[in-house]
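Q: Generate coordinates for the entire structure from the input sequences, incorporating the hints supplied.
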Amino acid sequence: MKPVITTQPSSVAAVQGRPLSLSVAATGYPEPGYQWRKDGSNLSGATNSTHAIAAAQEKDAGLYEVVVSNRVGHVTSSTARVTVTPATPPTVIRQPLSQTVALGTIARFEVIATGTPVLTYQWRKDGVTLSGATQPVLLVSAARPSDEGRYDVLVSGPTGGVLSQAATLALVTAPIPPTTTVPPTVTTPIPPPPAGTAATGAGSLRILANPASVTVAPGSPVLLHVSAAGTNLSYQWKKHGVPVRGATGAAYALRSAAAEDMGFYTVACSDGETSVESAVAVLAVGAPQTSRLVNLAVRAFLSPGEVLTAGLVRSGDGDKQLLLRAVGPTLARFGVAGALPDPALELIPAGERLPLAGNDDWSSVSALPRLLCATLASGAFALDAGSKDAALVAQLPARPAGNATVRIRSTVPTEGGQVLAEIYDADGAAAPGRLAGLSVLGFTGPGEQALLPGFTIAGSAPKRVLLRAVGPGLATFGIAESLSDPQLTLFANGLTAPVAESDNWTDTPELLAAAASVGAFALRPGSRDAAMAITLPPGGYTASIRSGFGTTGIVLLEIYDLDP
Numbered sequence: 257m258k259p260v261i262t263t264q265p266s267s268v269a270a271v272q273g274r275p276l277s278l279s280v281a282a283t284g285y286p287e288p289g290y291q292w293r294k295d296g297s298n299l300s301g302a303t304n305s306t307h308a309i310a311a312a313q314e315k316d317a318g319l320y321e322v323v324v325s326n327r328v329g330h331v332t333s334s335t336a337r338v339t340v341t342p343a344t345p346p347t348v349i350r351q352p353l354s355q356t357v358a359l360g361t362i363a364r365f366e367v368i369a370t371g372t373p374v375l376t377y378q379w380r381k382d383g384v385t386l387s388g389a390t391q392p393v394l395l396v397s398a399a400r401p402s403d404e405g406r407y408d409v410l411v412s413g414p415t416g417g418v419l420s421q422a423a424t425l426a427l428v429t430a431p432i433p434p435t436t437t438v439p440p441t442v443t444t445p446i447p448p449p450p451a452g453t454a455a456t457g458a459g460s461l462r463i464l465a466n467p468a469s470v471t472v473a474p475g476s477p478v479l480l481h482v483s484a485a486g487t488n489l490s491y492q493w494k495k496h497g498v499p500v501r502g503a504t505g506a507a508y509a510l511r512s513a514a515a516e517d518m519g520f521y522t523v524a525c526s527d528g529e530t531s532v533e534s535a536v537a538v539l540a541v542g543a544p545q546t547s548r549l550v551n552l553a554v555r556a557f558l559s560p561g562e563v564l565t566a567g568l569v570r571s572g573d574g575d576k577q578l579l580l581r582a583v584g585p586t587l588a589r590f591g592v593a594g595a596l597p598d599p600a601l602e603l604i605p606a607g608e609r610l611p612l613a614g615n616d617d618w619s620s621v622s623a624l625p626r627l628l629c630a631t632l633a634s635g636a637f638a639l640d641a642g643s644k645d646a647a648l649v650a651q652l653p654a655r656p657a658g659n660a661t662v663r664i665r666s667t668v669p670t671e672g673g674q675v676l677a678e679i680y681d682a683d684g685a686a687a688p689g690r691l692a693g694l695s696v697l698g699f700t701g702p703g704e705q706a707l708l709p710g711f712t713i714a715g716s717a718p719k720r721v722l723l724r725a726v727g728p729g730l731a732t733f734g735i736a737e738s739l740s741d742p743q744l745t746l747f748a749n750g751l752t753a754p755v756a757e758s759d760n761w762t763d764t765p766e767l768l769a770a771a772a773s774v775g776a777f778a779l780r781p782g783s784r785d786a787a788m789a790i791t792l793p794p795g796g797y798t799a800s801i802r803s804g805f806g807t808t809g810i811v812l813l814e815i816y817d818l819d820p
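Numbered continuously in the working numbering, the sequence shown closes out at residue 820.
FYI, nobody ran anything at the bench for these hints, they're computed from the structure. Predicted model only: the values in this text are computed from it and were never measured. Where hints are given, some of them may not hold.
For each label pair, taking beta carbons as the anchor points, the in silico distance ranges come out as [unchecked claim]:
| hint | residue 1 | residue 2 | range |
| --- | --- | --- | --- |
| 1 | Thr385 | Ser334 | 17 to 25 Å |
| 2 | Gln421 | Ala473 | 22 to 30 Å |
| 3 | Thr262 | Asn298 | 20 to 28 Å |
| 4 | Leu299 | Gly497 | 49 to 57 Å |
| 5 | Asn298 | Arg337 | 12 to 20 Å |
Lysine-lysine pairs mimicking DSSO-like chemistry, simulated, CA-CA at most 27 Å apart [stated by the list, open to error]:
| hint | residue 1 | residue 2 |
| --- | --- | --- |
| 6 | Lys294 | Lys258 |
| 7 | Lys381 | Lys294 |
| 8 | Lys381 | Lys494 |
| 9 | Lys315 | Lys294 |
Ideal Cβ placement from N, Cα and C applies to all residues, glycine included.
A: Have a look at this one:
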């Protein structure tokens, strides 16, 4: 029987120095042989169904095909294009921030770096290597006096390495209120009082106009300005909470903005007796199309019999590899009480009734090495060995809609508790497909019942996103017990002041155009839903959702990528 190709080779976007492979599947009798060709010429020794290159180089880019033959006949596959992106040296674009935490609480350090191919990380304390600290995020659990010191991280790639600036960890014996951290990138800040309300009475110090956020191209000038009322005023600008040397005027100017200037700026105004700090101004520098949404992490409380639903929208060509996790028992390692004892998850593509993949008890997956590699590459924290957490790596096929749902529940219907739902883009930056939207639908209430969503932007440039917290708008879909007045506050990980806030959205042309551009369902004008469109630097963020009336209910949080 003449050979018949059942699976054609797919195009590959590889990174210099990383492995790549092309494969074909065929039937025939006698069993067929294979000859791979590049740009029309036979490749010596490439005579298997899979053609692998251990470390791709620029010379390996080209058009590949394979001739499948036996004594009855032969057939030539379709052409697969291989592109090879040159490796780039690592560059730190956000340094770890110094921390002051209460004795016995968690400290969190994070570095954001760019470079190809996959980077490696090694944290140090006071110049001494920390065993096992090899992720972009370093958690210091139950901080004690011996943990105080200077922390830095060596970021390495095949073309070299770079050492971050040192961040200092200091302890106080009394509790400090701003931040409680849960893994991996979800931070639950307690909002401070609104900026500009430090004092009362006639002639008190107050901020009249906060500095405005701005997005500029590299090399452009930047001017941030604050207006305050008071006498004998002095100023101190801060970036990521750290004072900027020499920035002591009402205005802060940059002649030529660069990527390292990107971040969150505030200014402290003082009259010698009292001080007030401005709201956060976001400075975004660069072309947003080069960054990606790569992660959604949501901590939620599941009552017995309830389901937590997360969603994703993908765009671009090719299949999308996802790392999905439902973490319960391992949360105890981070001081989270009342974790869900045995969560399970399933991935359901849009339009399908049956799951594409599912898991209960992560260590039972058939492709465990693949799961462990994806966990390491994504920067996710390791799950406890033999735990009943759920996790899997799934290949979501390219579909016309490109949407899918992740459902998380307890395997024991009578059990409830805290669970952390995570969606990771497990493909590299060179992959043609990307996550265009992420969402979560769940119950939110006070204290431990709060829905705590976080997301991560990867890359070296800013990204414009649309965030919506939908409560009343859910009535359109028959959800009666929705949150009546959701208030949405956005925080950047490591900062206590909010980056942006929204309550009772307004149908501005900007928000209407943003929602229409991504296909989001329409909100009723004047409703008590919340929405914002904002440009953000790369990094981790947390969305705090609370009710303006102090009530509980179901809420939908949506995060859309607004960049084309």
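Q: Confirm or reject each hint.
A: Quick rundown of the hints versus the structure:
no.	hint	verdict
1	Thr385 / Ser334: 17 to 25 Å	49 Å, violated
2	Gln421 / Ala473: 22 to 30 Å	26 Å, holds
3	Thr262 / Asn298: 20 to 28 Å	23 Å, holds
4	Leu299 / Gly497: 49 to 57 Å	55 Å, holds
5	Asn298 / Arg337: 12 to 20 Å	18 Å, holds
6	Lys294 / Lys258	23 Å, holds
7	Lys381 / Lys294	49 Å, violated
8	Lys381 / Lys494	25 Å, holds
9	Lys315 / Lys294	11 Å, holds
Of the numbered hints stated above, those contradicted by the structure are hints 1 and 7, listed in ascending order.
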